[in-house]
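Q: Given next are the chains, with one letter for each unit.
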Amino acid sequence: MTLLSLHGIRKSFGAVDVLHGVDLSVAAGEVVGLVGDNGAGKSTLMKTITGIYRADTGSIEFDGKDILALDPGQRRQLGIEMIYQDLSLAKQQDVASNIFLGREPTKRLFGLFPGFVDKGEMDRQAAKMIERLGAHLPSINRSVGSFSGGQQQTVAIARALTFNPKLVIMDEPTAALAVREVQSVLDLIRRLKSEGIAVILISHRLNDVLSVTDRIVVLRHGRADADLVTARTNMNEVVSRIVGGGDIAAAAAHEQRG
Amino acid sequence: MASEQPGFWARVQRASVERLHIRLESLVVLLALGTAMALLSPYFLSLSNFLNILLATSTIGVLAIAATFVIGSGGLDLSLGSVMGLAGVAGAFVAVNLGWPSVLAVIACILAGAIAGYINGQLVTRAFVPAFIVTLGMLGLARGLALVISQGRAIYGLPPEIVYIGQGRPFGIPMPVIIFVLTAIVAHAVLAYTRFGRHTLALGDSEGAARAAGIRVEHHRRIIYTLSGALAGLAGLLFTARVNAGDPTAGINYELTAITAAIIGGTNLFGGRASILGTMIGALIMGVLQNGLTLLAVQSYYQQMAIGAVLILAVFIDQYQVRKESRV
Amino acid sequence: MTSLTLKINRFTLALGVVLAFSVIGIAKAEDGEYGVLMKTLANPFWGAMAQGVADGAKEAGVKYFQQAAESDQAAEPQLNLCNTMLERKPVAMITAAINSTNLLPCLKSAQEAGIKIVDLDNNLDQAVLDKEGVKVTFHIGSDNIAAGAQGAEYLVSKLGKDAKGPVLVIEGLSGNITGEKRAKGFADKLKELAPGLQIVASLPGDWDRGKAASIATDTLTAHPDLVAIFCANDGMALGAVESVYAAGKGPQVTIIGVDGNVDAVKSIKEGRLNASVAQLPYLVGKQAVENVKKALAGEKVEESIAVPTLVLTKDVIDAGKEPMLQYVK
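Residue numbers (the working numbering), protein chains in the order written: chain A, 1 to 258; chain B, 259 to 586; chain C, 587 to 915.
Rather than coming from a laboratory, the hints here were simulated on the basis of the structure. Each hint can be trusted.
Taking CB as the label site, the calculated pair distances span: (1) Gly466/B / Thr106/A: 16 to 26 Å; (2) Asn511/B / Asp804/C: 27 to 37 Å; (3) Gly466/B / Ser800/C: 47 to 57 Å.
Listed next, the stretches of chain B that the computed footprint assigns to chain A, with coverage defined by at least 3 CB atoms under 8 Å from CB atoms of chain A: (4) 451 to 463; (5) 467 to 477; (6) 526 to 533.
Only part of the chain A face toward chain B is listed, based on derived beta-carbon distances under 7 Å: (7) Pro72; (8) Arg76; (9) Ser88; (10) Leu89; (11) Gln92; (12) Gln93; (13) Leu101; (14) Gly102; (15) Glu104; (16) Gly115; (17) Phe116; (18) Val117.
We treat Cβ as the ideally placed atom computed from N, Cα and C, and that holds for glycine.
With the rest of the complex left out, here is chain A (with noise of 0.2 Å):
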């Protein structure tokens, strides 16, 4: 069942056209990898997946419903959410506060003004999805500003998964990371993967790329230049579509340079 599909989308800045209509579908439970070389449009096609940009043709659907028209935090709720290469984290903010932004639960001050946050459900809640994750933080009330990377990814992970999303868009998650923590990484995916939950993964490191992914997808100027099998593809393969053309030592001079 296709949970996610674009068709066409094209989207320029000013007189720059980064995407030059991209077509991509990913079915529920997927594990879509997206690679391309830097410029390809990955992030600006990710964005428009999210909301934050607004594509300029095209149509996107989500979970049988045209997404186009929504914004940012329509579409989290309709269970799309992204995992930043820079996190996305208010840094002064403890955990609770980042996991929750935007989607606070509220209650009544003394049963009589709205609008006033839940802080003890949030924390207990967030204390409760740390843990699932299996993961370790000092305190839970902590400016997340204070944590070393490993752990504010923790958060950011969190983050995605508490309002149980069908779709997880992870955009380099492991580019900072320590080798123990990428295989976390990884073991999440496919764990969200076995749950039902779909991700799409953009990574630089085609190793986990293909170590975890179902389909890859290469971008390449702005458009969907290849859709390859995970299964039935390789290391050359994807490198030689992510620079077009068969020249594989200019690739392979590339993979070294990058």
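Position chains B and C relative to chain A; hints supplied.
A: Structure of chains B and C alone, referenced to chain A:
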């Protein structure tokens, strides 16, 4: 060291930050100041002097609430003092020159402020002009407009209802103090405990994070600037009512004092951390300092020096605290 | 443990700063003190007034404490200062209000507490005071109408009764009562003494040197035969001097200012500015204190005390014989 149980002081500190959203240091400085003044001057400790301090803090306190919201959201409003002047003149113009009912004059004050703030918000979010520039421009625009409306001179002779707002004393408590304290309580609740307040701080912390979390960043900023303007309007009303004149020069440099109060109270100048209670403590530190030094017959120039020193000291302590925290 | 000592040090530091500033002006409160509240001390006029108060208090043997707002536009801060000063329970409040209403709430409280109120430098409006039911013991200050008239008298004495020609008047900030009185005093007296001298323009210079200079230049263009310029203060007069000399009409145009400030005196000595009607703020401050003492002793004091003004010219300054010269600070 790191595995040691946090000491009593550390726990009290943490609790004050988490529960009351204030830095304990500022409260300690306020109490120390109060004690010092009480020891030095026999006139300091009295109910009437206490009310005096609150009264002297009321106008600037309301402006400081506005400054706290804006700075907390990662913005800046340099037009607070001018907008306050404009609002006061607008109210006086409606009441005196047009002779309309006082209720309309009150509304005019707050509306004039809100409109100026709304324009700030529109320019900041739509025209991509930095808040510093937009509000600096508004500082000039609002002041100029106030001078135009009033033809350069104060508008005297406000109706008694308005004067009551500035000079009345129900139950012996000055009206500006009542208005100021109520405003502060509501503002504190909004900033610390509501979604609106939390989004404000998240926005100041990381605009990207707020955007990613689905918060309508531009919309939120426009509300913040409008709110800031409306509060400046309220401050303008208090000023006008206190001195019984719509004075076009009202509030010159008040924005800097308001920002100082917010910073002494622990607001991060770059956004993300702010609390109204903290700002009130900051404003009271300045109020107690000025009052005490006046009672001690210290010249006002030294008073300004003292406030400058306290500002730098407060931020020094704060930075020290923040650095220590991030080392743990 | 190190962190604990550090903490103590920080608070000691904070307290230290406070104490240091407190000690600078520590003064034991005295019975029978006078409270003196100025507009500001950030200009020579008010500085001289403060000096007069200080010397007057010393001579009369009375105690006083003095405060000033940070600028002459800080209406509300001045009200706050006034309220706080009342807490010291002075026997008299000598106040130079920033405008005619800002101190009223404080003055009412003072009156209720039986504190004598003095209007220093004529800033309060008697009509407003009557309406609010505030009674001041006396007003004291220079008579601005008389100051303007003195300017006209000097001009006529220099040019003669039958002189003819166009005259320019540069007023203060439009709407400011002080500037208006000086301009009016000048105009009325001039008409009376020498009707041949025609005021061709009377424009607000906003107390601004540059603005006054432009007005003078423009008027010289329209009336090349201009014979005199009267400015409502010295700053504007010095601006006019620049314009007149730039146009090469120094000897032809007589320029008169008001205030007698340091720059004006210098310009007069150099023979550029012709005259300045000097206010004597030192004398105002001194006489204010002396009269408060009288009033407190139950003696009768006039409700409005006019402190004389003095026309400063090169002759007067060079001769140095005028006794009031000692009060020109």
